[in-house]
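As a plain string of letters, each chain reads:
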Amino acid sequence: GESVGLHLPTLSVQEGDNSIINCAYSNSASDYFIWYKQESGKGPQFIIDIRSNMDKRQGQRVTVLLNKTVKHLSLQIAATQPGDSAVYFCADHLTDSWGKFQFGAGTQVVVTP
Amino acid sequence: KAGVTQTPRYLIKTRGQQVTLSCSPISGHRSVSWYQQTPGQGLQFLFEYFSETQRNKGNFPGRFSGRQFSNSRSEMNVSTLELGDSALYLCASSRGDRADTQYFGPGTRLTVL
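Residue numbers (the numbering used here), protein chains in the order written: chain A, 1 to 113; chain B, 1 to 113.
Bear in mind the hints are in silico, worked out from the structure with no lab data behind them. By construction, the Cβ of each residue, glycine as well, lies at the ideal position given by its N, Cα and C atoms. Warning: the hint list may mix true and false statements.
[Stated by the list, open to error] Calculated cross-link-like contacts (lysine-lysine; reagent style DSS-like; alpha-carbon spacing at most 30 Å): (1) Lys13/B to Lys57/B; (2) Lys57/B to Lys100/A; (3) Lys13/B to Lys71/A; (4) Lys13/B to Lys56/A; (5) Lys57/B to Lys42/A; (6) Lys13/B to Lys100/A; (7) Lys13/B to Lys68/A; (8) Lys100/A to Lys42/A; (9) Lys42/A to Lys56/A.
[As the list claims (entries may be wrong)] To list a few chain A residues with every Cβ distance to chain B over 12 Å, as calculated: (10) Ser12; (11) Val70; (12) Lys71; (13) Leu94.
Go ahead and model the full structure; you've got the sequences and the hints to work with.
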C-alpha cells in the first residue's frame, strides 16, 4: 500500500552542525508535503511545506527539497540547536483526498553539545 | 490567533466504556481531521469533517465516530473501548481546501485499562 517512510529512526547531530532528515514516499499522486516537529507531550508542530510543483523551499534555518523522480523528500536544518531535539515527521497529501495526510514513522533527532 | 485546543488532555477508561473527545479548531478554520498516534502504527488518519459533513474516513472500525458542529468544533467518540485503543488522539484544523496546511492540537492521551 501507499506509505511515507523515513530512512533513519534516530539522528544524532552535534550542536551547530547541519542536520538532514530524509523521507521516501511511494505514491506519485502526492501533491503536497509537510514537515512536522513533535516534542515530547505535544502535538506535531508545522515546520515547512512544499507543493509538488516545486523542488525547493526555504524557511528560517530550514530547507525542504523535493525530488519527484525518485519520490524523495528531505529536511535540512542549519546550525542545529538543542531546541531542535524532537521527532520529525514528513507527511504527504494525496491528490483528490480531503483532509487526509499520510505520515512517516518519524525520525528522532538528538542534538548533542 | 489561538491554536487548536483539545479537551480533555488525559483520560483513563476501562475496557467496554465509551469516550468522547473534543476539538476546537483555529478561528476561521472549517475543517477538522482526527488522527490516532501509537508507537506501533504512528499517525493514522481517522476521519475529516467540513461544514458538519464527514468528507473522508480512514480504515478504523465503526466504534470510532465523529461529528462536527455549526461552529466547526468537532467531537470524536469511541465506543466499547479496547486495550488497543490506548493512544494519543490528535486533531488538526485547516481552512478546508483539498490540500491545505493542517495545524495540530496538543492531543488527548487516552489510556484504556
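(request) Measure nothing beyond the straight line between the CA atoms of lysine 57/B and lysine 100/A; if it is 30 Å or shorter, mark the hint as holding. (result) holds (8 Å)
(message) Hinted pair, alpha-carbon criterion (30 Å max): lysine 13/B, lysine 100/A. Please report holds or violated.
(response) Measuring from Cα to Cα gives roughly 28 Å; hence the hint holds.
(request) Verify that the Cβ of valine 70/A lies farther than 12 Å from every Cβ atom of chain B, and report whether the claim holds or is violated. (result) holds (22 Å)
(message) Tell me if the straight-line CA distance from lysine 13/B to lysine 57/B falls inside 30 Å.
(response) Given pair lysine 13/B, lysine 57/B holds - Cα atoms ~25 Å apart, limit 30 Å.
(message) For lysine 13/B and lysine 56/A, compute the direct alpha-carbon distance and say whether it is at most 30 Å.
(response) Answer violated: lysine 13/B to lysine 56/A is near 46 Å, above 30 Å.
(request) Please confirm whether leucine 94/A is truly not at the interface, meaning its C-beta sits more than 12 Å away from all C-beta atoms of chain B. (result) violated (9 Å)
(message) Hinted pair, alpha-carbon criterion (30 Å max): lysine 42/A, lysine 56/A. Please report holds or violated.
(response) holds (28 Å)
(message) Hinted pair, alpha-carbon criterion (30 Å max): lysine 13/B, lysine 68/A. Please report holds or violated.
(response) Given that 30 Å is the threshold and the Cα spacing comes to 45 Å, the pair is violated.
(request) Mind checking the alpha carbons of lysine 100/A and lysine 42/A for me, to see if they're no more than 30 Å apart? (result) holds (20 Å)
(request) Take a quick look at serine 12/A and tell me if its Cβ sits farther than 12 Å from every Cβ on chain B, holds or violated. (result) holds (20 Å)
(message) For lysine 57/B and lysine 42/A, compute the direct alpha-carbon distance and say whether it is at most 30 Å.
(response) Answer holds: lysine 57/B to lysine 42/A is near 24 Å, not above 30 Å.
(request) Measure nothing beyond the straight line between the CA atoms of lysine 13/B and lysine 71/A; if it is 30 Å or shorter, mark the hint as holding. (result) violated (42 Å)
Consistency note: the structure conflicts with the earlier hints numbered 3, 4, 7, 13.
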